[in-house]
Amino acid sequence: MTANARSLRELFRRRYVAGLIALAGLACASLFIFFEQTAQQSGGAALINLASSQKALSQRVSFFVNAISASDIAAERETLRTELKTAIGEMRAAQEVLSGAQTPDRRMAQKLAPIREIYMNDYAPFEHDVAIFLSSAEQFLEDLPAPEETTLISEVNLLGMHTIMQTYDVIARIIANDAERALAQAGFIQSVLMLLFIIVLTAESFIIFEPMGKKIEQSVRDSELAQEQAQREAARARQAGDAKSNFLRLMSHELRTPLNAVIGMSKLLRGTDLSGPQLEYAKHIDDAGHHMLSIADDILTVNQQSAGKLKFKPAPTRIDDELRSVVAMLKQRAEEKTIELTYDNKIAHGDVVVDGVRFRQVVFNLIGNAIKFTDTGSIAISAASKADPDDDKSEAFEIRVTDTGCGIAKEDQERIFEEFGQAHALGERAHAGVGLGLAISRSIAEMMGGTLSLESSSTSGSVFLFSLTLQRAKIDGKKTATNAANNSASTKTGKVLVVDDNLPNRMIAAAFLKKAGFSVEFAENGKEAVEAVAHHSDLAAVLMDIEMPVMDGITATRAVRARTDESARMPIIALTAHALPEDRDNLIAEGFDDVLRKPASETEIVRCVRHYAFERAAA
Amino acid sequence: MMIVVRTGILLAVTLFAQALAGETKIVGSSTVSKFANVSETRLAARGLPVTIETTGTGGGFALFCSSADPEFAPVTLASRPIKNSERETCDKNSLGPVQEHVIGLSGVVVLQNNNKKPLRLTQRDLFLALAAQTPEPENDCRLIDNPRIRWNEVREGLPAVKIEVYGPPSTSGTRASFIDLAIAQGAGDDTCMQEIKQSAPKEFKAAASKLRTDGAWIDAGENDAVIVAAVRQIPHALGIVGYPVFVFFKDVVDAAAVEGVAPARETIASEAYPLSRSLRVYAKSDAIGVNPAAKAFLDELTGEAAIGPDGYLIAEGLIPVSAP
Numbered sequence: 001m002t003a004n005a006r007s008l009r010e011l012f013r014r015r016y017v018a019g020l021i022a023l024a025g026l027a028c029a030s031l032f033i034f035f036e037q038t039a040q041q042s043g044g045a046a047l048i049n050l051a052s053s054q055k056a057l058s059q060r061v062s063f064f065v066n067a068i069s070a071s072d073i074a075a076e077r078e079t080l081r082t083e084l085k086t087a088i089g090e091m092r093a094a095q096e097v098l099s100g101a102q103t104p105d106r107r108m109a110q111k112l113a114p115i116r117e118i119y120m121n122d123y124a125p126f127e128h129d130v131a132i133f134l135s136s137a138e139q140f141l142e143d144l145p146a147p148e149e150t151t152l153i154s155e156v157n158l159l160g161m162h163t164i165m166q167t168y169d170v171i172a173r174i175i176a177n178d179a180e181r182a183l184a185q186a187g188f189i190q191s192v193l194m195l196l197f198i199i200v201l202t203a204e205s206f207i208i209f210e211p212m213g214k215k216i217e218q219s220v221r222d223s224e225l226a227q228e229q230a231q232r233e234a235a236r237a238r239q240a241g242d243a244k245s246n247f248l249r250l251m252s253h254e255l256r257t258p259l260n261a262v263i264g265m266s267k268l269l270r271g272t273d274l275s276g277p278q279l280e281y282a283k284h285i286d287d288a289g290h291h292m293l294s295i296a297d298d299i300l301t302v303n304q305q306s307a308g309k310l311k312f313k314p315a316p317t318r319i320d321d322e323l324r325s326v327v328a329m330l331k332q333r334a335e336e337k338t339i340e341l342t343y344d345n346k347i348a349h350g351d352v353v354v355d356g357v358r359f360r361q362v363v364f365n366l367i368g369n370a371i372k373f374t375d376t377g378s379i380a381i382s383a384a385s386k387a388d389p390d391d392d393k394s395e396a397f398e399i400r401v402t403d404t405g406c407g408i409a410k411e412d413q414e415r416i417f418e419e420f421g422q423a424h425a426l427g428e429r430a431h432a433g434v435g436l437g438l439a440i441s442r443s444i445a446e447m448m449g450g451t452l453s454l455e456s457s458s459t460s461g462s463v464f465l466f467s468l469t470l471q472r473a474k475i476d477g478k479k480t481a482t483n484a485a486n487n488s489a490s491t492k493t494g495k496v497l498v499v500d501d502n503l504p505n506r507m508i509a510a511a512f513l514k515k516a517g518f519s520v521e522f523a524e525n526g527k528e529a530v531e532a533v534a535h536h537s538d539l540a541a542v543l544m545d546i547e548m549p550v551m552d553g554i555t556a557t558r559a560v561r562a563r564t565d566e567s568a569r570m571p572i573i574a575l576t577a578h579a580l581p582e583d584r585d586n587l588i589a590e591g592f593d594d595v596l597r598k599p600a601s602e603t604e605i606v607r608c609v610r611h612y613a614f615e616r617a618a619a
Numbered sequence: 620m621m622i623v624v625r626t627g628i629l630l631a632v633t634l635f636a637q638a639l640a641g642e643t644k645i646v647g648s649s650t651v652s653k654f655a656n657v658s659e660t661r662l663a664a665r666g667l668p669v670t671i672e673t674t675g676t677g678g679g680f681a682l683f684c685s686s687a688d689p690e691f692a693p694v695t696l697a698s699r700p701i702k703n704s705e706r707e708t709c710d711k712n713s714l715g716p717v718q719e720h721v722i723g724l725s726g727v728v729v730l731q732n733n734n735k736k737p738l739r740l741t742q743r744d745l746f747l748a749l750a751a752q753t754p755e756p757e758n759d760c761r762l763i764d765n766p767r768i769r770w771n772e773v774r775e776g777l778p779a780v781k782i783e784v785y786g787p788p789s790t791s792g793t794r795a796s797f798i799d800l801a802i803a804q805g806a807g808d809d810t811c812m813q814e815i816k817q818s819a820p821k822e823f824k825a826a827a828s829k830l831r832t833d834g835a836w837i838d839a840g841e842n843d844a845v846i847v848a849a850v851r852q853i854p855h856a857l858g859i860v861g862y863p864v865f866v867f868f869k870d871v872v873d874a875a876a877v878e879g880v881a882p883a884r885e886t887i888a889s890e891a892y893p894l895s896r897s898l899r900v901y902a903k904s905d906a907i908g909v910n911p912a913a914k915a916f917l918d919e920l921t922g923e924a925a926i927g928p929d930g931y932l933i934a935e936g937l938i939p940v941s942a943p
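Quick mapping for you: the protein sequence lines, in order, are chains C and E.
For what it's worth, the numbering used here labels the leading residue of the first sequence as 1, then goes sequentially.
For what it's worth, the numbering used here labels the leading residue of the second sequence as 620, then goes sequentially.
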């Protein structure tokens, strides 16, 4: 959380707490007033009751005094005297309370305050009136002589007639009025509290909830804006990335086409009658071509990898076949350097699920490197299963490439696996490249769940170890295309249509094929190719370039496949400078039988064409 | 009514007994008794004791006229002149000559809470607010039970507060004076009532002399301090007391102006204040001749030292008759 957000939260928390405290305070005050008011009311009611009872009692006292005086019956007089005594006692006790001489509690005392001046004043205290009234009544009980008794009766009557009774009435009214006033006051205070309550709530909504809502809205808007910004940036980056990828693909394609000519022509050149130095020069041209090709390949792969586009297509594969195919592909280059290339197979099962292309890429790179950095001696490839008899689901492999090269200095041993690490680490060496190969290979190995490391290195050579564990698969006797191609070392020949808009490429392919005994027809674009297929029923296969003017290879292949006669099943092999694995898949899906990447070696072209031509002949 | 009669008889008996015991008891108006008490205290110091019993003016006359005995209520205090009916009773009982002394003037004051805006009432207002029956101008001036609950129903401009007036009970001279000076006079000022006076004098008399009994008028006993307390404690309440009471409490209560005149020594003496009245002492000439205590009391109360322009009763709030 940022300091800003923290201080904002603290601000809202403080306001919220203050609001809550204010509300709680108001609620408590309201409750207190309610209870206080209830208690006051009950105190007031008790006093009103008391005053009313005094009024009645004063009448009883007057009545009994007069009744006793009027009665001639002794027994009746006695009963009335008892009643009078009781009434006087009751009235005196209540008088104690009302005059404030004996107050039951604080609240009643408060309620007595307004009537205190009736009882006690300098003018004519009511307490005095009541005292005379009661003492006269009490003296009356003492059986005094007739004249004195008469005086007492007159005292009782004088006071009892109006003053005592009416004053108690006034007392009750004053207390009732006081209670009404208190009630109105409490009502007013309650209303004020309620108003304050509403004000506090409103204030809370204004100083807490509304700004909070605004802040939330702002935050949401900010985050939306940021998201949009990020999306725009991402799109821009993607576009830039795509542009880079496209550029690199194009570059790769454009490089491959001339490289095909360079490598192919140098190959052809070496096959002619050349003097010693000429042969040497041709070989250098070939080496340079291959080097350039590997750089183009590596750049393409790295680009794919960094764009997250490096895809794996695991499929049931025979590891031994893959290894053999790579060894076969590189054997010629090793032989040219007079290096012995051996392959030792100690694989237990070998049928696994793996992306063969990527697997071959790693192994090709390791062996290619070994050839590159070994000047004399041998390169030994060994593949072994790490036996785990209990595991029938997967198989672990250790593939070692051991060379007798110059070795790698200790301080460079990790750097050779870093991108462009080679340029620095191996900078002094004769075969310096851009240094992408090992980094790519390790990366691919790791993406397949394996490892790639330099096991040992000394001045007498290096050992690279490629370990990986693969899921086992069942391959029922069926041979892969490569395998088939490898093994169809037949001498079968026929007529091959070479389609390419580039003359040198046509020449190379034709030279390779003619050397292997094929006769060759040419077409310079897809349109010519389609016509040629229609006219030459003796064609054994078509070697088709993809990017061509007038009609491209894909359209031409579609046109051939759309034919209704036998020629629709014509073996068509793409020979393309499009170097990515998905390009291969796409072309197969478009109806090509196989795909060869430019520059393809003589062996590849001949084996592949022979394979399909043979298949066709067999069909 | 039975109670009153009976009380009257009882009082008479009491006083007669006291007379036999050689004690002189003076009866009558509570308003006058405030002044009479001062004189009595001075007399007591000179060894001539009398006892003053506050009975109200009416009660006083009842006792006074009931017997010719010189010891029996030889003097009565009154806050109004003797009524013809009362004089008849006196004559019937062969009282002999009765002396009448006006000792000073007083007024009936309409008290109000001193925290309230000063009221300015008319006699008609008091009639319309407090008479038991008032005429209905919209209905041929028919007399109906007074329907007014608030003062603003009496007259526009008066406050919208409940009519609640505390005053002395029926035995009080002050109340009688209030009825005469305020209610009856106020009735005379009312057009409808003037019509009724012409057409039905008896009805007029009854309506002009009867106070409400529905709670707007409240009998508050003979103790004037209770009326003052009620006015002080019930802000909207008014009180009816004699001028001397107001003088005593004038620091804690206010008086309403009547017909634009506030009660004061000067306005009462000049009778500019409409609720002014004379305070009187009635004495039986025969009784005075033989009862030295009674004579001493009468001389004291009517003497120059008490009621002359610089008399001690003037200092107590009594307005001298001769005042300018």
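Keep in mind that the hints were calculated from the coordinates and are not lab data.
Keep in mind that this is a model prediction, so the values were computed, not measured.
Any given hint might turn out to be false.
To be verified - Below, computed lysine to aspartate or glutamate pairings styled on EDC-like, alpha-carbon distance capped at 16 Å:
no.	chain 1	residue 1	chain 2	residue 2
1	C	Lys386	C	Asp320
2	C	Lys214	C	Glu224
3	E	Lys914	E	Glu707
4	E	Lys869	C	Glu96
5	C	Lys55	C	Asp122
6	E	Lys781	C	Glu10
What the hints assert, rightly or not - Among the chain E residues that face chain C by a calculated CB cut under 8 Å, a handful are:
no.	residue
7	Glu707
8	Cys709
9	Thr790
10	Gly840
11	Ala844
12	Val845
13	Arg851
14	Gln852
15	Ile853
Glycine is no exception: its CB is placed at the ideal position from the N, C-alpha and C atoms.
Do the hints match the structure? See the list:
no.	hint	verdict
1	C:Lys386 <-> C:Asp320	15 Å, holds
2	C:Lys214 <-> C:Glu224	15 Å, holds
3	E:Lys914 <-> E:Glu707	24 Å, violated
4	E:Lys869 <-> C:Glu96	30 Å, violated
5	C:Lys55 <-> C:Asp122	24 Å, violated
6	E:Lys781 <-> C:Glu10	56 Å, violated
7	Glu707	25 Å, violated
8	Cys709	21 Å, violated
9	Thr790	6 Å, holds
10	Gly840	4 Å, holds
11	Ala844	4 Å, holds
12	Val845	5 Å, holds
13	Arg851	7 Å, holds
14	Gln852	4 Å, holds
15	Ile853	4 Å, holds
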